[in-house]
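If you read the protein sequences in the order shown, they are chains A and B.
Residues in the first sequence are numbered consecutively from 1, following my numbering.
Residues in the second sequence are numbered consecutively from 1, following my numbering.
Some hints here could point you the wrong way.
Claimed, not checked - 27 Å max Cα-Cα, derived DSS-like pairs, lysine-lysine: (1) B:Lys-51 with A:Lys-23; (2) A:Lys-9 with A:Lys-23; (3) B:Lys-9 with A:Lys-76; (4) A:Lys-23 with B:Lys-9; (5) B:Lys-51 with A:Lys-9; (6) A:Lys-161 with A:Lys-129; (7) B:Lys-129 with B:Lys-76; (8) A:Lys-9 with B:Lys-76; (9) B:Lys-129 with B:Lys-161; (10) B:Lys-129 with A:Lys-23; (11) B:Lys-9 with A:Lys-9; (12) A:Lys-51 with B:Lys-161.
To be verified - Derived CB-CB ranges, DEER-like: (13) B:Glu-121 with A:Glu-115: 19 to 29 Å; (14) B:Val-176 with A:Pro-113: 50 to 60 Å; (15) B:Arg-55 with A:Thr-151: 56 to 66 Å; (16) B:Glu-121 with A:Glu-181: 56 to 66 Å.
Said to hold, decoys possible - Sample of chain A residues with no beta-carbon within 12 Å of chain B, all distances over it, derived: (17) Ile-7; (18) Ser-24; (19) Ala-66; (20) Asp-78; (21) Pro-170; (22) Val-186.
Simulated from the structure, these hints should not be mistaken for lab results.
Everything numeric in this text was worked out from a predicted model, so none of it was measured.
Cβ atoms here follow ideal geometry from the backbone N, Cα and C, with glycine treated the same way.
Protein chains: 2
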Amino acid sequence: MQSAPSIQKLLDEFERLPGVGPKSAQRMVYYVLNTDRASAMRLAEAISEVKDTVRFCERCFNYAEADLCEICASPKRDRSVICVVSEPRDIPPIERTAVFDGVYHVLGGELAPMEGIGPDELRIAELMKRLASSDVSEVVLATNPNIEGETTAAYLARLIKPLDVKVTRPASGLPVGGDLEFADEVTLGRAFEGRVSL
Amino acid sequence: MQSAPSIQKLLDEFERLPGVGPKSAQRMVYYVLNTDRASAMRLAEAISEVKDTVRFCERCFNYAEADLCEICASPKRDRSVICVVSEPRDIPPIERTAVFDGVYHVLGGELAPMEGIGPDELRIAELMKRLASSDVSEVVLATNPNIEGETTAAYLARLIKPLDVKVTRPASGLPVGGDLEFADEVTLGRAFEGRVSL
Chain A
1 MQSAPSIQKL LDEFERLPGV GPKSAQRMVY YVLNTDRASA MRLAEAISEV
51 KDTVRFCERC FNYAEADLCE ICASPKRDRS VICVVSEPRD IPPIERTAVF
101 DGVYHVLGGE LAPMEGIGPD ELRIAELMKR LASSDVSEVV LATNPNIEGE
151 TTAAYLARLI KPLDVKVTRP ASGLPVGGDL EFADEVTLGR AFEGRVSL
Chain B
1 MQSAPSIQKL LDEFERLPGV GPKSAQRMVY YVLNTDRASA MRLAEAISEV
51 KDTVRFCERC FNYAEADLCE ICASPKRDRS VICVVSEPRD IPPIERTAVF
101 DGVYHVLGGE LAPMEGIGPD ELRIAELMKR LASSDVSEVV LATNPNIEGE
151 TTAAYLARLI KPLDVKVTRP ASGLPVGGDL EFADEVTLGR AFEGRVSL
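Please put together the full structure from these sequences, using the hints given.
Here it is in structure tokens:
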């Protein structure tokens, strides 16, 4: 693409988006060029609106448009169960399962000592404060099922257990709909260790 | 994704872009949420700037930021050779070859009688006016090498030839770097018909 500097600029900006290469950026630019002004401006305004209105929930550090996120503000949620996740992006998939009706706490990452991410870099102090000030019966440690996530969960479990709060972690096992044949041995091992009676 | 309406809105807008599904839209939304305000606003502003500044070149109907596009405005281009293309998006690939130093004419589509696109729906009258009013020695018909493009080229050739203007069309043949084995028979047939002596 050449000729128009404003077109080149938009092309560069689209290319900065994750997963967008030169070809897709070009297709997006042509979409913007060919669509009516109102549609294009809806995209531009949605971007600036997100940056203007979205902040972190004061209680759980999920994305929010008010002091509290919609989950923390909802009277329907069970405040006595807190699910701890690494990032706000981990919340929507859990919400979609519709099996969890507690509230969340977003750590803002996972322990990774090699990268300089220790307990002070995560919102652990804030979690402990929540546990001290409210009546919590269970903490579900839903950090990722990888080394950093497991380390973080183990660290938090040690910290929370003395408070006489039940600490759980989502089960590891075979993905539903998957083939046993193709399961990696660690997952399969976990699935056997955690076998349940029928 | 749920909880914040402004996040849902941006998700919907990203999903409208060509080639963007729910997963990529989500990744783009997280990019906007996590990036600094200035970067996000650069994208929003690039979109509105394109809609504010880009229009069609008065002469060739390429995208332009002034009355004339940069190609028509350039003193270095040979005004006696006009390359006819279907859409503005066909110009950048031709420019990248760096073998064409003439000017362009964008038809705004190709003849497709079944879809109600006849000569009056394309910028053919405008092309004929250019040919009548300036000294043009050659018209290169670079419409697409498919049925609509060939039909359009044949139609234009019949219209232009009586004006005593050379009418050409880019060669059909084997793509450079391709395998002869995998060439379709039409392309291979064209390549043989158009064989050149070495």
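Violations among the numbered hints, reported as their numbers in ascending order
10, 12, 13, 17, 18, 19
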